[in-house]
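S.K.: Given next are the chains, with one letter for each unit.
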Amino acid sequence: MKTRIHLAAAAAAGLLALTGCGANAGATNTASDFPRKGKSIEIVVAFGSGGAVDTAARLIQPVLEKELGTNVEVINKPGAGGQIGYTQLTSAKPDGYTIGATGSPSVVVSPLDPSRGAKYTRDSFQPLGRQVIDPTVIAVQPDSPYQTLKDLLDAAKASPKSMTASTTGLQTGEHFAMAQIQETTGSEFAPVHFSEGASQATTAFLGKHVDILVANVSDVTDLTKQGKARVLGVMSEERAPSLPDVPTFKESGYDLVAGTARGYSAPAGLPDEVAEKLEAALQKAIEDPAVVQKMNDLGLQTSYLNGDDYQQFWAAQEEDFKKVLPLVQKTD
Amino acid sequence: MTTESLTTTPKSAARVARSVLVGIGAFTAVGIYVLVSSLGLGLWTSLGPGPGLFPFAMGGVLVAMALVWLVQELRRPSETAEGVDRGLVVAVVVSLAILASVMDLLGFQLSTFLFLMYHLKLRGRRTWVTSLIIALAGSVGAFYAFNYGLNVALPVSAFPLLNTIGL
Amino acid sequence: MDIFNELLGGFAAAMTWQNLLFAFLGCLLGTVIGVLPGIGPVAGVALLIPLTLNMDATGAIIMLCAIFYGTAYGGTITSVLLNTPGEAASAITTIDGYAMTKIGKAGAALTIAAVGSFVGGTIATVGLVAAAKPLGELGLLVGPPEFFALMVVGISLLVALAGKSMVKAVISGALGLLISMVGIDPVAGAPRFTFGVDRLLDGVSFVAVIVGVFGLSELLSYKKGSAPTNIHAPNFRSLLPTGKEWRRSAPAMARGTGIGFGLGLIPGMTGSVSSLLAYGAEKKFSRHRNELGKGAIEGVAGPETANNSHANAALIPLFTLGIPASPTIAVLMGAFLQQGLTPGPTLFTENSEIAWAIIASLFIGNLILLLLNVPLVGLWTSILRVPTTILTALILLFMVIGAYTINFTVFDVFVMIGFGLLGLALRHLDIPLAPMVLTLVLGPLMERSLRESLEISQGDFGIFVNRPISAVLIGLGLLIIFSPLFKLRKPKALNEDPET
Chain A
238 MKTRIHLAAA AAAGLLALTG CGANAGATNT ASDFPRKGKS IEIVVAFGSG GAVDTAARLI
298 QPVLEKELGT NVEVINKPGA GGQIGYTQLT SAKPDGYTIG ATGSPSVVVS PLDPSRGAKY
358 TRDSFQPLGR QVIDPTVIAV QPDSPYQTLK DLLDAAKASP KSMTASTTGL QTGEHFAMAQ
418 IQETTGSEFA PVHFSEGASQ ATTAFLGKHV DILVANVSDV TDLTKQGKAR VLGVMSEERA
478 PSLPDVPTFK ESGYDLVAGT ARGYSAPAGL PDEVAEKLEA ALQKAIEDPA VVQKMNDLGL
538 QTSYLNGDDY QQFWAAQEED FKKVLPLVQK TD
Chain B
26 MTTESLTTTP KSAARVARSV LVGIGAFTAV GIYVLVSSLG LGLWTSLGPG PGLFPFAMGG
86 VLVAMALVWL VQELRRPSET AEGVDRGLVV AVVVSLAILA SVMDLLGFQL STFLFLMYHL
146 KLRGRRTWVT SLIIALAGSV GAFYAFNYGL NVALPVSAFP LLNTIGL
Chain C
23 MDIFNELLGG FAAAMTWQNL LFAFLGCLLG TVIGVLPGIG PVAGVALLIP LTLNMDATGA
83 IIMLCAIFYG TAYGGTITSV LLNTPGEAAS AITTIDGYAM TKIGKAGAAL TIAAVGSFVG
143 GTIATVGLVA AAKPLGELGL LVGPPEFFAL MVVGISLLVA LAGKSMVKAV ISGALGLLIS
203 MVGIDPVAGA PRFTFGVDRL LDGVSFVAVI VGVFGLSELL SYKKGSAPTN IHAPNFRSLL
263 PTGKEWRRSA PAMARGTGIG FGLGLIPGMT GSVSSLLAYG AEKKFSRHRN ELGKGAIEGV
323 AGPETANNSH ANAALIPLFT LGIPASPTIA VLMGAFLQQG LTPGPTLFTE NSEIAWAIIA
383 SLFIGNLILL LLNVPLVGLW TSILRVPTTI LTALILLFMV IGAYTINFTV FDVFVMIGFG
443 LLGLALRHLD IPLAPMVLTL VLGPLMERSL RESLEISQGD FGIFVNRPIS AVLIGLGLLI
503 IFSPLFKLRK PKALNEDPET
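Residue numbers (the numbering used here), protein chains in the order written: chain A, 238 to 569; chain B, 26 to 192; chain C, 23 to 522.
Please keep in mind that the hints were generated in silico from the structure rather than gathered at the bench. A few of these clues could be false.
[Said to hold, decoys possible] Estimated spans, in silico, between C-beta atoms of each pair:
#, chain 1, residue 1, chain 2, residue 2, range
1, B, Phe-184, C, Met-77, 37 to 43 Å
2, C, Leu-401, A, Pro-478, 16 to 22 Å
3, C, Leu-401, A, Asp-350, 49 to 55 Å
4, A, Ser-399, C, Arg-269, 55 to 61 Å
[Stated by the list, open to error] The calculated DMTMM-like cross-link candidates involving lysine to aspartate or glutamate, where the alpha carbons are at most 20 Å apart (straight line), are:
#, chain 1, residue 1, chain 2, residue 2
5, A, Lys-531, C, Asp-78
6, A, Lys-356, A, Glu-555
7, C, Lys-245, B, Asp-129
Please read these numbers as outputs of a predicted model, since none were measured by experiment. Every residue gets a Cβ at the ideal spot worked out from N, C-alpha and C, and that includes glycine.
Whole structure, please, built from the sequences with the hints as guidance.
M.R.: Printed below as a string of structure tokens:
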């Protein structure tokens, strides 16, 4: 009986020792030897696997591994429109071993609305680099009488809320864009919030259940090719490469820029050396030709900004959103 | 209700079972809580039902149904099911709760190993060998299967010391 | 017969060694993913996409599609054998499936489920080949008001699921609806019943709830001294369904195929809705409806067929319009895009051979799924031979891993424990679990589509009756809700078993 116990204990010990082969080195780190070989870097993705944010992160992961010389893992922590993942990111140690994918408007908006009880603010993040910006577009049905953006906006101003326009949910990019349009031009649409996302909004639009599709460039590229939607304007500084015939809002006389932007950040307070190394690696990854190509295939335009510029961009976005926040929060 | 049913002593208890009363009470309490708190959420907006409308309705339904059930029970008490095995419930629930609490702390492998050993050896009274083998397979084995086989990360320990031996 | 030629070409391409292997691997992986509760089809497909990036496009897509409809069967195995649903769509199969296991007919249940899955999946794929484009357009006709009307029909079936006590069924349904409302509401975007807990902002995890309410509560309800598992280890003969069971399954499979196919075309409908409604349909229309809940084969045949029919039909909007009908298909679509294929009409014009190879592989895959799983029924049921104490410990572990891997947080494990206790209480009080699952699934969909409809109509409730489809559906729903009133005149009819 005793021998059996001893044998079992030996086997257990042996197995536990074997597991050491897969162990992580847990010794202390200093900034100058970042990243320590064998210690993984985690990219916290605040959205589910397979989505745009997750896909982008997984695309840069192999390049980051090469550049940084250590394991890089993508961890999904979805929920509450990004809030769960962002909370996890900002409460992690700012030692460079945890970074995260940050997307606007989710990361910009969530701390602004007190009822959401977000435990972070813009200052909890240290932006490292922006990867893509996906401008917002306004599209009408192919058989719509409106040929230009001005026609549409004038009509909406004349009879407010006579036309339904889709969003992907309350306080999403589309909702803010609509609010900004309303604020600047006085034209009012009746928002219909499809909280299941862009596919749901697109489906409803194709089924002619809503008049206007408010979406991102990547969502409508294919639709325009098939002639199923007529894009009247794109809310970016320059025309979108995949939609060369579509004028920008600026060209049509409305100085409005809006869209979703996705990049990567760390919890605030990174040592300078660590931040430098991470930023450099991210730049390499984001601008890597294979990655750019794959992002293009997905309809996403790579538009790199380094950490500082990304931070300024983020601050500007926060200002824009703060201005129209009352409009999107209005519940009667 | 016929005279026959009044004079024949039913095999079931003539009183409403305690567990049924507790159940009815619980549903009523939950219903009332929901009713009250949903009022604060707003029942109606300009575009239709507000966030509180459906909860309000459901809270009301719960209370109403609980009362109807009470009346039904008073008229004709139902036979209660056999009792639950309290020992089993406590053992399982408590061990699960402990497992969930320490899993992030001790890491998946160690905590599930202990959990399985408890259920196999202490409660199940299996032999040492069987218990150890199964416990190891379920903890360490599962960890590696998920990690390398399916690319799914199960928790590792929060203690660096345990990390060094791979836990 | 252009399509026919294209399809034959597709078969030729799909039957290469590599593509057959990919289909097989996909089915296998899909079944495994379906078996594991926490890792649903979405995560499963997403996690395996990186593996496929280096494969050629056709093979990659074939494998991912196979994983997708493979998961529809995998969830059934644990539902039937362990009363623990592997994924949402299998939740309703636990009711009659596990009941059949308890009377020693696990093998028959699994076999019928496998065959039903094959039938449903194949017929749906035939639909894809024959009439993809018009069917895709049909799906578009369903807007928020029609969706809401369908939900009304769905919830009206709660009445059908009632059983002995309507009061208890309604309580169960109300509970489910309340639980589904935890989280950020679709109306004002404000948290509802979250008690300040971040994790609850998304609502209570559905899989954690059903694993707790069905699986854990079953374990907790074992009485002293009974060893249920060893009692129902089946012998060889009972592995296969009897002739009578085959005959009874046929109408159930037919209904299931129809329901699954119709709902699969509608973007936004999940497989669980199909299997729930198929179960409700069996309760309403089957000749043996009185046996449902106690181990009626229809309770397995209907939902399982609907499940796979739905999964395959849901590919139609993807192929014809480039619209993903569910999160899982959205992930699949991402894979298409990463391989350089654009799903939608252009797929057939620009990459026709690949498209048809994939479609041919859908047929092959459904067949592989059948051939893979039927012989394995014996293997799966032998799980039941494991001694109770060991099996219980392993099932508990299984459920913990399952609950954890939903969102990679132990919070969901606590949710599971809590709902296990709730399920135990409900069982003890003789409150049916099925209505709760029904409202848990349909509740959010209903509230959301109501809100969307009213945003479209700017507050006008007339939108539901002004549109023909939704008006008809709402009428149907009301009819079902009030139909018991007609039966009250002949109370005896409810208790008679037409088949004695």
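S.K.: For A/Lys-531 and C/Asp-78, compute the direct alpha-carbon distance and say whether it is at most 20 Å.
M.R.: Distance of about 15 Å is within 20 Å: holds.
S.K.: That 16 to 22 Å hint for C/Leu-401 and A/Pro-478 (C-beta), does it hold up?
M.R.: 55 Å, violated
S.K.: A range of 49 to 55 Å was offered for this pair. Does it hold for the Cβ distance of C/Leu-401 and A/Asp-350?
M.R.: 53 Å, holds
S.K.: Verify the proposed pairing of A/Lys-356 with A/Glu-555, using a straight-line Cα cut of 20 Å.
M.R.: 17 Å, holds
S.K.: So does A/Ser-399 sit 55 to 61 Å from C/Arg-269, Cβ to Cβ?
M.R.: Holds: the Cβ-Cβ distance is about 58 Å, inside 55 to 61 Å.
S.K.: Is 37 to 43 Å right for how far apart the beta carbons of B/Phe-184 and C/Met-77 are?
M.R.: 41 Å, holds
S.K.: Holds or violated: C/Lys-245 with B/Asp-129, Cα cutoff 20 Å?
M.R.: 33 Å, violated
In this structure, the earlier hints numbered 2, 7 are contradicted, and the remaining ones agree with it.
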